[in-house]
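Chemist: Sequence:
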Amino acid sequence: MLSLLVIYRFTKEAIVGSNSISAIEIQHLKAPILNNDLQQFKKPKHIFIDRDPNNWDSIDWESIGLSKNQVQALLNYKDAIGGFRTKKDLYKCYVLNEFHKNKLDEIVLFKSVNKKNKNQKNYFFEIHKSASPNYTLNGQYDTLYYLKDSIITYYLSYNLSNINQFKQSSIYNEQKIKKIALSKNQMKFIVKQKGNKNFKKPLVKIKMNVADTTTWMTISGIGPKRARTIVNYRNQLGGFVNKSQLLEVFGISQELFDKINPLLEIDSNNIAKININNDSKDTIKKHPYFNWNLANAVVNYRDQHGVYKSLSKIKEIHLVNDDLYRKIAPYISIN
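Counting from 271, one number per residue, gives the positions in the sequence shown under our numbering.
Just so you know, the hints here were simulated from the structure itself, not pulled from any lab data.
Remember, predicted model here, so these are calculated numbers, not experimental data.
You may find that some hints are simply not true.
Stated by the list, open to error - In silico DSS-like cross-links for lysine-lysine, where the CA-CA straight-line distance does not exceed 27 Å: (1) LYS381 / LYS357; (2) LYS358 / LYS338; (3) LYS597 / LYS585; (4) LYS399 / LYS357; (5) LYS579 / LYS597; (6) LYS458 / LYS446.
All chains, full assembly: derive it from the sequences and hints.
Modeler: Here it is as structure tokens:
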């Protein structure tokens, strides 16, 4: 028992002696190591190397509580307006709520506007002119720019995506697309609000003989598989000569056709044709309207009677009635 008292006295004095830690500090040592109040276990505060938000990267923006999608939307907005010049410019972005704005108030400090950047030129191309606003264009493009004088001139940023989209629109009239240098700061713009559930995308006309699969897929009811089927069938035909031929495509019902018919445009001036005076039966039978028997009959008639002097001569083949002739006539030639 005496031995235990000696050990206890020695241990206590060793801990609380004048040259060691205090009793209060001993109590701190007893506290849980995961105590959130301990400064050393707090998440490090983000340090902004540059307080000008025009120079921030995604990590800077995420540090104020924005998600990756919100950051991307904000960066797109910044590009659209040519950069932030004031907090007012910045706070117009719809992804920023009051919490974000309060945090930004403590951080943001704009540098003086560099004259060179202020007058920096960007490249655009003109798509439309009108005396009054054309509201059908507002939601068609991600960012639509315009200059207003006696008339309103609409522009798109000069890039391949915008050019291809414009060429498929109903306002494109085969005009030459010219690259124009303009300052974004001199222009007004409209940003498409993708999150607006009530927004209805303007109808875009589909040019049946030039539309690719991506363009066909802009129509409700036509997915990737149907779009590929349409394009493949059009290529086999050599082009569509009337809209109703779309009903010959597998998967296109009368109901779907009636729905999309107003969107369709057709130009049958450049139809690929079969030369019934020169093409072989193997070439002819590849066309959807010619089976093996008909292709064989076309070549046999030519071998027996000589070249076809007119398209209507093909009607002398017993397999070709008036209905079939009207169907195949746009796809055959004698020259």
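Chemist: Hint by hint, say whether it matches the structure.
Modeler: Cross-check of the supplied hints:
no., hint, verdict
1, LYS381 / LYS357, "holds, 12 Å"
2, LYS358 / LYS338, "holds, 23 Å"
3, LYS597 / LYS585, "holds, 12 Å"
4, LYS399 / LYS357, "violated, 33 Å"
5, LYS579 / LYS597, "holds, 19 Å"
6, LYS458 / LYS446, "holds, 24 Å"
Figure legend: structure checked against the earlier numbered hints; the only hint not met is number 4.
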